[in-house]
Amino acid sequence: MVTLTDYLIVGAILFGLSLAGMIINRKNLIIVLMSVELMLLAVNMNFIAFSSFLQDPRGQIFVFFILAVAAAETAIGLAILIILFRHRQSINVTDLDTLKG
Amino acid sequence: MELLKTLSLLVVIAPLVGAAGAGLFCRQVSKQFAHRLTIALMGFSLILSLYVACLVIGQDQSYEGVLYLWGQSGKLTLNVGFLIDNLTACMMVTVTFVSFLVHIYSIGYMAEDGGYQRFFSYISLFTFFMLMLVTANNFLQLFFGWEGVGLASYLLIGFWFNRESANQGSFKAFLVNRVGDFGFVVGIAGVLGYFGSLDYIPVFAAIPGVAEANTLIPGTSWSVISFIGFFLFVGAMAKSAQMPLHVWLPESMEGPTPISALIHAATMVTAGVFMVARLSPLYQYTPSMQSFILIIGATGALFTGLIAIVQNDIKRVVAYSTLSQLGYMMAAAGVSAYAASIFHLMTHAAFKALLFLGAGSVILAMHHDQDLRHMGGLRKQMPITYFTFLIGTLALCAIPPFSGFFSKDAIIEAVHSSQIGGASYAYVCVVLGSFVTAFYSFRALFLAFHGEGRMSHEAKHHVKESPWVVWLPLVLLAIPSVIQGYMMVGPMLFSEPSYLGNSITVLTQNNVLMRMGEEFRGGFHMILESFGNFPLWFAILGAFSAWIAYVKKPELPPLCVKRFKWLYTILIHKYGFDDFNDWFFVRGGQRTAKLMYQGDARIIDDFFVNGAGRLITWCSATARRLQTGYIYHYAFVMLLGLMALLVWLMFR
Amino acid sequence: MNFTPPDFFPAILEMLTLGMTCLVMLVYLFLDQKNRGITYFLTQITLLGTAVVAISLHGSPEVITFDGSFILNSQAILLKIFILLSVSFVLMYSRTYIRENDILHGEFYLLVLFSVLGMEVLVSAYSFLTLYLGLEIFSLPLYALIALKGNKPVCQEAAIKYFIMGAIASGFLLYGISLIYGACQSFNIHEIISMMSLSIHTEPLLLTLGLVFMSAGALFKLGIAPFHMWVPDVYEGSPNAMTLLIATAPKLAGFALLTHILVEALPVLFPQWQYLLIAVALLSMAVGNIIAIVQDNIKRMLAYSSIANMGYMLLGLIAGTPRGYGAALFYMIIYVVMSLGAFGVITMLSRKGFELEKVDDFKGLNTRNPWLAFMMLLILFSMAGVPPSAGFFAKVGVLEALVKVNIVWLPAVALVFAIIGAYYYLRVVKVMYFDEPLEKTPVILESFDTQLAISINGLAVFFLGLFPTTLIELCQQAFLA
Amino acid sequence: MIEKLIFYVFAALLIGSATMVIVSRQSVRAAFFLIVAFCASAVLWMLLSAEFLALLLIFVYVGAVMTLFMFVVMMLNLDQESLQEKFVRYLPFAVLLVALMVGVLVYAMKPGHLGELGLAISPHPSADYSNTKALGLLLYTHYVYAFELAAVILLIAIVAAIGLTHREKSRNKRQRIDAQLAATKADRLQILQLEAEK
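Residue numbers (our numbering), protein chains in the order written: chain A, 1 to 101; chain B, 102 to 753; chain C, 754 to 1234; chain D, 1235 to 1432.
Calculated directly from the structure, the hints in this document are not laboratory data. Any given hint could turn out to be false.
[Claimed, not checked] Derived DSSO-like pairs: lysine-lysine, alpha-carbon spacing no greater than 27 Å straight-line:
#, chain 1, residue 1, chain 2, residue 2
1, A, 100, C, 1116
2, C, 1111, A, 100
3, C, 1183, A, 100
4, C, 1116, D, 1419
5, D, 1419, C, 1111
6, C, 1193, C, 1105
7, D, 1419, C, 1193
Can you build the whole structure from these sequences, using the hints too?
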């Protein structure tokens, strides 16, 4: 049988992959934003797995709200990305180092 | 008691009113108004504090009470209150007296300065804080005054803020004092933690119990009292410029001279000594801290004196001598001779202020040239300054019957008869210190006032005696420098009850003064006795060596040189240690002093003070490079931090 | 399924804010460009009106409503009052700045109001769901606000950094919530507490993991090392008015976030989070104080100072007693008041085409505007912890709380860092008072209300030092119930 | 058994496509793999009998959010060449740390550490159980406050996105006196040193 642990491990691996995506990706800011989506997916996976095994629909309610927030977050993130691109003509992560020290 | 409370309140508030009047309206009020206002209020304050002293010492009254409830949280109450007892009364008189004279003196000294009104405001403000400090009945108010005098001193050292060196000096003073202040805060926090109160009376009452209950290492005298005492003493070390934290005091000489007299000689630097005396009930229960205080004090007394020998700036010579005298006071406090310590504090306040103001008078005549090598022969042009400076020097060198003799001799004797750890080392230090003191004091005196003038021809003609507002305080300070010691030695140190009454606590086994008091037969007898003891001869020897080295030897015509060579040879052969004296103390002393000075400059200044600063700056510059600006590095650091916490907490 | 409609009254503050926000939005949409001052006044009315209602609510008994996901107690009301007031001050300080720099003022005020709403929700949250929603409602407008101004070239960089870091942090927070949910079978704080007390149903390892992840998310919002990397960049890169905003009220909201998680939901794990907080507090004090020294940019310097200050604040929580929590809250409020003043002065000194950024820009401020310099002096002295300023009492409070529980070494270390810290504040004082000004023109504040605001602010720092009792007691009470 | 098979196939697909998202060099490819990942996880959620959310993920996420992504990618018209870079250099470091984290998480999620839940089999609700109805009942009653807050969040997203990307009309030829006065020499005049042709 598929156990809770299996689902949680999938969630953990997704979470790790999304973090790795943010660290190894040095060129494309859009992919960094996509990693954020992956991270939320990992969290959702955890919530749904727990919810299902606990037979408690409230966990799924939480996921519902995460999805709503994630959509809003993506909209704002992409808007910032667009004006960043307008000003710099680049979304290269490595170029974003004016502020440092 | 109400009378005492009202009087004390007036004494404290009057300078604040003066400061506010002269400071807040410094653009609007005239110079005359500024000094008249502040001096009138200071005079008022002085008269009232004398009256307070009469009431307290003469009629044995005292006052302890809360004036104003500052804050309350839980069981802790923070008050503003007064504890007016004998110790406080002594300090109040000393502070207001010196401050009053410095105010008068500043009329002449600062006459041409642009920040005249501001200056008067600052010194009045300083006096206010100092009075707050001495009248406090709790640790917090003590700290408030403590920080306040630090602030005022910072403002005053940096008074000539367009001078780079003045800025540096004030900054250094502030930083070193911060080190002390934080020690102090830890101490206060300790007091609060273990006693649950910040008022003196309940804390002092609880000390024996707490000392017994909270021994750090069983079977030793290391209790939390030692811990608290140590941190509080760190505060005192910074404020009173004790050995490792003394570096700021010479630098602070960049301020105007009246300030050096008021703050860095007579009053502020003695705050540490006052604190140790005030907290005598605490330090009595920690023998280890007593030894520590003794050793720090005695070391300072000797070694900072040595440094004074090679200084050429007249104010710096006096500054180093202050360091040395503070060492004496601390040493006395270390051997539980608090009365001697406070006594020396009071005599020192008078004669050191005298020396500083005298030096200021010279500087004024020399048009703000402070270099001893450019002076000489001023005796004839400035007789009053010379005479008063001489009195101050004699008092400093503990030559009887001047005031310094009685207090210093009592200290040396107290150290001699003490049995606590480090006392024998301290005794050697303080005795040698008296030689050194005499040597550098007379050196300064001779270089400035004797011999041929070394200033330019033009300048020579401009040298004249200072105006009366400058020399009047000198004369007024010279009087106590002569008589104060003789008059006060008995009642201050040995009589029962003494001037200090029961405001200090000394355990019987530590009470060296009481033992000395059994042999005390009056001031005159003390003078006679001193001729049979080392310290006086050391002092005279020091003065004499200075005379040889700086007056006689370089200038005497060949005949005299021959005659004195003969005398010199006789002296060498007769006593056997003149040779040694000359070689070891004059030359060797100079060499050691030079070494010490360089060591001081290199090791302490460069390594500890600047080095610590540089180390932090370096750390800072390196650490900021971690902030690369790259998002992926930031994410990486977050992940790293998370992982570290995760692994640590999971497998802890 | 039985369902009784919840009691809506406790959420009056949120409803008021939201309703007024919608009104501001409508007014702004149908308003002529010339009358745009009205949006400002409406926003101020919203903030101050809500604050007045909040003050009138103070003292009312604790209420939990919306099926246990909303709480209104004295702590929440106190925090809301200070959030509303501080944002009101922020708007007063930045009004001229917004006008002169052609920032879309309608969007600005709207987003600020949304953010305030989020903070209120967060402060009153009693379940992890509302906690998370509140967090996002207050953060998302801030990301947008930073990037709102087109003229400053680095502001988009600051915004995207803040956004991505913030997204990672809320990812951590959510992951933590999911683990706690798995362990306790609930994300309702009330139920978690009762679950914890049974302790058989909870899994220690999952709880530890959840604790660490959730704390990481909360610590990020407060800018505590090692989750602090965004702070200096965002403070520096944002337009001054936005820096002023993000440096003040969100700290209070962040404090609520952290205390909701640690103090209210997971007090059972105190031994674990005490260690966690000790580690991050030490790191914050070290990083903040040390790196601040070499900064030439005043906003960056104050950013590092905020990192250090948050470290000090944590000391109160480390004590683990109501007294300590109260001290931490007091510290937080005092810090916000100080930071409001410091960034307020920076914002006021900025003019069109001139962003005040360098420490050197403060040179000779005393000769250009003595009163402003004096206010800044009070604030800086307070930040350095010079008695009898408010900052001194705040530091004493948290240290005392630690000493009370017999942790002595930590205050000692904290004091060492405070010594180092004093240096860079005093440097600014020196620059203001002793250096020659770069430009001689006197600084004149145009509007009277701005002058009044900064005077109130500076003097508040001073008088809170002289009469700290009332506020300290309010803070203590907030945690004693 | 078949459930297990489905789980492993789609879990592998999910992890594989997630990996492809983060290692892709092109935004479009990454977006495509993200969609695959979403679809795969929707299947997993179905297995967990969270049907409503699984459908929501496809409709809302793949249908709207990913479209937004694609739209932005197309609109920005990125210079693909400049975005390509080898990230192998940084790989070991990141992989090490991430692997460590995943290791810790996996260790903590061993069945033994999950208590009763660790041994439970995935529950299969009865046929008349409606996931959507259960969620709806909760959402509009107990979670009405949160539901309103979610509405606010969407409103914020609208206001913020419009405010951010809104551009002022640049056709306006009005004179801007303050800008002219604020101009410095450095803004207007650039002096270049040109190498003389040889």
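Checked hints:
no.	hint	in the structure
1	A/100 to C/1116	24 Å, holds
2	C/1111 to A/100	15 Å, holds
3	C/1183 to A/100	26 Å, holds
4	C/1116 to D/1419	25 Å, holds
5	D/1419 to C/1111	22 Å, holds
6	C/1193 to C/1105	18 Å, holds
7	D/1419 to C/1193	22 Å, holds
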